[in-house]
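Q: Listed below are the residues making up each chain.
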Amino acid sequence: MTERIDTEIAEILSLTLGRPVGAGEDLKRADEPKWDSLKHLEIIFAVEGAYGVSFSPDEIAAVASAADLRTKVLAADAA
Amino acid sequence: MSAITTIDKLDWQATLFAPELNRLAVMRLSAPPLEGPVLRVLRNQAFETLVPVLAPLFGFAGFGMSVELGEYDDSLNLPDEPYAAALVWLDFARYERLTDDELAEWMVGRLDALRAHAGGPLVVANSPDPGARAERLNAALDAWASRAPAGAILRLDEIARPLGSRAFVAADRAAVTGTRYADPLCLEAARTLTFGVLAQAYAAPIKALAVDLDNTLYAGVLGEDGPDGVRLTEGHANLQREIERLASEGVLVTILSRNEPADVRQLFASRDDFPLRPERVASWQVSWGEKSDGVLAAAKQFNIAPDAFLLIDDNVGELVQVSSRHPGLRLLHASDDALATARALIRYPGLAAGGRAFAGRAADLAANAERAALAEQAVDEDAYLAALKAELTFALDPAEDRARLTELSRKTNQFNMALRRFDEVEVDRYLAAPDRCVVHVKLADRLADSGSVGALFGRLEDGRLVVDELCISCRALGRKLEDAMVTEAVRGAMRQVGASGAAFEYGLGPRNQPALEWLAAFVGEPVTGEAGRLNVPPDRVAETPRAAVTIRWAHD
Chain A
13 MTERIDTEIA
23 EILSLTLGRP
33 VGAGEDLKRA
43 DEPKWDSLKH
53 LEIIFAVEGA
63 YGVSFSPDEI
73 AAVASAADLR
83 TKVLAADAA
Chain B
49 MSAITTIDKL
59 DWQATLFAPE
69 LNRLAVMRLS
79 APPLEGPVLR
89 VLRNQAFETL
99 VPVLAPLFGF
109 AGFGMSVELG
119 EYDDSLNLPD
129 EPYAAALVWL
139 DFARYERLTD
149 DELAEWMVGR
159 LDALRAHAGG
169 PLVVANSPDP
179 GARAERLNAA
189 LDAWASRAPA
199 GAILRLDEIA
209 RPLGSRAFVA
219 ADRAAVTGTR
229 YADPLCLEAA
239 RTLTFGVLAQ
249 AYAAPIKALA
259 VDLDNTLYAG
269 VLGEDGPDGV
279 RLTEGHANLQ
289 REIERLASEG
299 VLVTILSRNE
309 PADVRQLFAS
319 RDDFPLRPER
329 VASWQVSWGE
339 KSDGVLAAAK
349 QFNIAPDAFL
359 LIDDNVGELV
369 QVSSRHPGLR
379 LLHASDDALA
389 TARALIRYPG
399 LAAGGRAFAG
409 RAADLAANAE
419 RAALAEQAVD
429 EDAYLAALKA
439 ELTFALDPAE
449 DRARLTELSR
459 KTNQFNMALR
469 RFDEVEVDRY
479 LAAPDRCVVH
489 VKLADRLADS
499 GSVGALFGRL
509 EDGRLVVDEL
519 CISCRALGRK
529 LEDAMVTEAV
539 RGAMRQVGAS
549 GAAFEYGLGP
559 RNQPALEWLA
569 AFVGEPVTGE
579 AGRLNVPPDR
589 VAETPRAAVT
599 IRWAHD
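As they're listed, the protein sequences go chains A and B. Counting from 13, one number per residue, gives the positions in the first sequence under the numbering used here. Counting from 49, one number per residue, gives the positions in the second sequence under the numbering used here.
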């Protein structure tokens with residue numbers, strides 16, 4: 013399950029940012045120039061649609077890395 | 049990536065016709081970037097996240113467009129930049145200081161100003177909010193769209209209703225995302241905008257369905273299970289009902305099957321539970337030959353090109369084979385889930401929405417064999433026309449026919465003289481301007497009513513009628529009526545604009561050779577070059593049309 017989530021989050025980041033992202037790679041928003049506010053929303057919406065999760069406004073603002081996305085999805089899965 | 053292939057489209061079908069679009073699944077389609085005529089979005093809220101979704105949708109629908117987003121503007125100012133089409137994407141909740149009536153009145157006023165400002169489709173996303181205020185506004189928008197040329201409504205209210213609370217986000221989240229509209233509402237808006245609205249103007253029209261039988265129209269194999277053994281599942285019944293509905297609206301239906309013809313006859317005779325009735329089928333292409341040959345035979349029978357067909361088949365190999373022989377033909381893969389196939393057919397881009405096609409088309413085609421027999425028996429052309437009892441009805445500047453006149457300009461191929469492809473705004477200009485005119489022609493004979501078959505768009509230039517466009521539906525061709533039809537239309541148009549002579553504009557295209565050959569014979573001069581103008585000899589339009597044809601003017 014965790015492996016599939018890592019793979020899909022990497023895929024979402026890769027498709028949104030237009031560059032390869034490895035499964036489990038902890039890509040950070042601050043290090044990725046293409047990860048602007050618009051791409052950020054596309055990533056959030058794609059994760060929400062893929063996993064049926066919902067990010068609050070504070071959570072949207074707080075997501076700063078691939079690891080944050082993974083944490084949110086796993087938390088929702090555990091709940 | 050390069051252009052979208054036929055195989056791509058088959059792969060994309062499940063994603064793009066899913067009950068609800070999934071953003072990640074759409075992202076995986078990796079469509080080429082948006083290019084082409086500009087769709088300008090006039091908005092006061094975010095639209096950015098819809099843009100990447102539009103690329104695969106436009107690609108599947110077969111038209112290229114680019115998208116340009118205006119600045120946030122509550123006042124809906126007229127854009128300075130040129131564009132081919134516009135989408136008004138407003139959050140009407142921002143106009144809380146206006147009363148319900150003031151909002152409706154203001155919107156209609158701004159839309160009228162936008163309509164006058166530029167041509168092309170003008171699409172307005174209506175209000176998805178529940179309540180009387182939104183209903184009042186949406187009714188005003190509907191009324192505007194019904195009278196405005198090329199005006200259309202993107203019905204967010206209908207999209208939002210089944211989504212319920214999932215259509216909107218809370219105010220605090222809207223502050224972050226730039227819109228109250230939640231992603232499921234936006235994704236469905238993008239799909240409906242493309243397949244349901246823009247495709248009406250930009251996608252190549254589908255005029256006929258070619259439908260396989262085994263495991264497509266029912267579950268099972270006729271040759272093995274027999275007529276009583278094949279199963280009509282709920283999904284297959286839905287698919288048949290949708291085909292039946294399209295046939296009732298004038299889309300021609302061909303059964304295209306590798307089976308024994310006698311078995312197929314028995315199947316349709318014995319299965320009265322099939323919603324698709326055999327009398328709705330305009331062409332039976334049942335044989336053990338290549339399906340591409342069957343499509344070609346049906347296309348000849350219908351007098352249309354193979355690329356105007358949508359082929360529905362469960363066999364991917366056959367879909368690909370037929371499409372390789374007939375490029376441009378659209379494909380719908382009938383999967384094991386027939387409900388999904390029915391759902392895709394309902395939305396398929398290129399099929400006319402709302403029954404705009406001519407409902408009597410199949411009956412009219414069925415009469416062609418008898419017309420051919422009459423032509424063979426007649427001793428000459430006049431005797432043939434007398435036996436046919438053809439009646440041509442002409443109407444001058446019929447504003448109520450604007451949509452059909454536009455369709456004639458956009459959809460006719462073989463007899464489309466100048467290939468101008470007018471949109472509703474341009475047609476409206478010919479209808480309304482005092483130095484321009486439109487003649488609309490309808491045809492009936494003793495065998496069938498062919499309905500609306502011709503349009504002439506003319507204008508006065510230096511005392512002469514210049515026919516900018518002349519279109520005749522393929523339904524009316526082959527009955528030796530072109531001379532009578534055009535002569536009377538030109539005479540009526542000359543009277544209307546006060547002209548003393550006439551000339552035809554023409555343009556050479558891939559398929560309009562029949563029109564150009566007719567023109568050369570009519571004016572007695574060769575058609576040369578890619579485009580040009582030919583004068584009509586005065587004696588041609590001085591002649592009274594054939595007595596064997598009944599001529600009527602709608603206002604007489």
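Calculated from the structure, these hints are not laboratory results. Errors might be hidden in some of the hints.
[What the hints assert, rightly or not] Coverage of chain A stretches by chain B, computed from C-beta distances (three or more under 8 Å per stretch; other residues unrestricted):
| no. | stretch |
| --- | --- |
| 1 | 30-44 |
| 2 | 73-82 |
[Stated by the list, open to error] FRET-style restraints, in silico, Cβ to Cβ:
| no. | chain 1 | residue 1 | chain 2 | residue 2 | range |
| --- | --- | --- | --- | --- | --- |
| 3 | B | Ala223 | A | Gly36 | 31 to 37 Å |
| 4 | A | Gly64 | B | Gly244 | 52 to 58 Å |
| 5 | B | Asp273 | A | Gly36 | 34 to 40 Å |
| 6 | A | Gly36 | B | Glu578 | 55 to 61 Å |
| 7 | A | Pro69 | B | Ser372 | 49 to 55 Å |
| 8 | A | Gly64 | B | Arg395 | 43 to 49 Å |
| 9 | B | Gly244 | A | Glu37 | 28 to 34 Å |
| 10 | A | Gly64 | B | Lys348 | 48 to 54 Å |
| 11 | B | Glu292 | A | Lys40 | 53 to 59 Å |
| 12 | B | Pro558 | A | Asp43 | 31 to 37 Å |
| 13 | B | Arg209 | A | Lys40 | 50 to 56 Å |
| 14 | A | Asp43 | B | Leu211 | 35 to 41 Å |
| 15 | B | Glu153 | A | Glu37 | 45 to 51 Å |
| 16 | A | Pro69 | B | Pro558 | 53 to 59 Å |
Given the structure is predicted, the values throughout are model-derived calculations rather than measurements. C-beta atoms are modelled at their ideal positions from N, C-alpha and C, and glycine is treated no differently.
Q: Of all the hints numbered above, which does this structure not satisfy? Sort the numbers upward.
A: Going through the list in order, the structure violates hints 1, 2, 4, 5, 8, 9, 12, 13 and 15 and respects the others.
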